[in-house]
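Let the hints inform the model, and build the full structure from the sequences given.
The lines below spell out each chain.
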Amino acid sequence: MKLTVGISPHKKASYSTRWVMKQVIIGLIPAMAASVYFFRMSAVSLILTCVFGAVISEYLVVKIRKADFSLSDYSAVVTGILLALVLPPKIPLWAAFLGSVFAIVISKQIFGGLGQNIFNPALAGRAFLMAAFPVMLTSWVQPFSLDAVTTATPLSLWKFSHQFVGLGKLFIGNVSGSLGETSSLALIIGGVYILVRKAADWRAPLGMFLGVTVTSGVFYLIHPASGSVLFHLFAGGVMLGMFFMVTDPVTTPVTKSGRVGFGLAVGILVIIIRKWAGLPEGVMYSIIFMNSFVPLINKFTRPKSFGRR
Amino acid sequence: MLKLEECKYPQERIAVEKFFPEKVVVPLSQHTGALPELIVNKGDSVRTGALLAKAVSLISANIHSPVTGKILDIKEYNHPVLKRSRAVVIESQSKEPFHIDKSKSLREYSSEEMLDRIRRAGIVGMGGAAFPTAVKLKPPKGVDTLIVNGCECEPYLTCDHRLMLEHTEGVLKGIEVVSKIINPKKVIIAIEENKQDAVKKFNSRLHTRKYNLPEVKVKILPTIYPQGAEKQLIYNTIRRVVPSGKLPFDAGCVVQNVGTLFAVYEAVYFDKPLIERIVTFTGSALSEPKNLLLPVGTLIEELFSSGVLKFKKEAKRVISGGPMMGLSLPSLDFPIMKGTSGILFLTEEDLDLREESDCIKCGRCVDTCPMNLLPLEFPRLVKKGMYKDLEEYYISDCIECGNCNYVCPAKISIVEYIKLGKAKIRDLNSKRKKL
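Taken in order, these protein sequences are the chains called P and W.
27 is the number that our numbering gives to position 27 of the first sequence; each next residue is one higher, with no gaps.
593 is the number that our numbering gives to position 284 of the second sequence; each next residue is one higher, with no gaps.
Quick caveat, the hints were computed from the structure, so don't treat them as lab data.
Check the hints yourself; a few may be wrong.
[Unchecked claim] As a list, the in silico SDA-like pairs of lysine to any residue whose alpha-carbon atoms are at most 20 Å apart:
1) 2(P) to 625(W)
2) 625(W) to 602(W)
3) 299(P) to 700(W)
See below:
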């Protein structure tokens, strides 16, 4: 009999980081499927490009740092998928590839790899592309259209032409917009899955939901042309952000109340940007902005230790 | 707090069996505090209950012979906590039980006399920390509540559960004794809801018989770990917070484990020293689990060589205590001690030996920490050698319950880092004192 010795606890939960990442990938399947349905081959090639770009850059950086790649999890795959889902369907693939390299190399590995990055890598990748190629990042197409005729998204129609797209269309996702943001339905299905499986914590999504709902609700009551609560929930990147961005463990607070507050602040900022900023959409900037406050939020929401004042 | 898989079936239903070993190895260090002074020599003959080593100070404990026989040797032997420590090796020559003297009844003792019997009997806390009980029963401040700890929140273990079922009366008499000593206004018997049969037993006794007790009630607590940890138990029963670095009496209460109370009963009523205890043997490597009443010093090995226990599968890890806080033993050549609640035999499938990966700051450890600490900070700071910062995160408050480590998806050995960090701080502090 050969016994191993070790420090307690001797039993551990069966899940692992890899399992968590796998659940997130499963949770993203409905949104990916919807994007393929609406945008056909553009969706397939965009997702594959971003995932390939993310995984290959992760592999190369890990090799350069002489770490063990087999120990890494599926987080690069998640980053790749998320980046693809926040890009316009007809973005040139070389630009998407560049974005995924930036997401992994600059915004994740330079900070020290998994767990060390400050900003959500996928959103940082998109922010980089937005700064580098603003026109590419604001050229949208209608679903099912094979030719790249530029159209406006529901949010820019609302903001610049005061037109509303029907809620039903918005909910199903038959509108122009980023690849994986259009179908709220698909995102809710996948989002509920990761929450039920406890691969993600529900507090930040709840906070963001409340932030968007209350802020847009107040604006709507004062001035109905501001757009209804449901319009703001289903248009743009709110659903993707709520279920898959503010639930990123690395770039959000570690305390329970901090997570609620983080989500709440993101939700409020989204509506403020939509309402008053020059941009029609603010999910990406709200989250990146709040990412930078995470250490501060952690500090101020640190729970009172049991038995301490 | 954390909901864990209980793993208490079927041993919770299995009655306690007795076993007499042919040899015992009785370590001198079985408690928190000073090492007692040996008063016997190699070659001496001893009877069951004879004093082997005498307490040297207040925080120390007597050690008695658990068997009648001859002292074969006094030497360094395997020890679950200290690795090697001095122990008395006794060959058992007859199965003579402890001679019980029933001549005196409780009424005749003053609380000083009772306390003295408890001290003489070498009783220490049997729930884990093994702190001398007589010291705990003489708090420097008055207390108003006695909390009886019948939680047994660690998975697998059932020794306290069986004791509560099979010796309800003895435990209640122990409670009576302690109440007479500390004179509380209220007694709370705290039991987790997975032990309803024990709850019923206590309630029916309390309803049908007369005990010399103040207000007493059985409180059912949810089965969540670590419900039986002293500070958590005090909060969950009487909503009082024990300040950091302080003891239960600072919150006006005393907590006693049911096993300790039974030992108190035997000591006061029969002048019987603490020389035996119930130990749970279980785990998927065993062919059948058992609860055994064993003389202190029984070697785990002898239970297998005598056929009392049998392996069904290959054990990969043997643990003294529960799976969350127990100590891993490198072999079976280890003695049962006063504080040994169980020995677990786990197979490879039970263990999680996956390699540690990077912390993803998911906050699961924070959510589950019963002391409201930020466990994720400890491995980070220890790895960087930032020992001073550990204290800012209140590392000294950590009770090492293992919850953070259990829930960590990155499989980081948080408790190991915490133990290391605490040891480093102790080193640094003692060096500072020397300077």
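Those earlier numbered hints the structure runs against, lowest number first: 2
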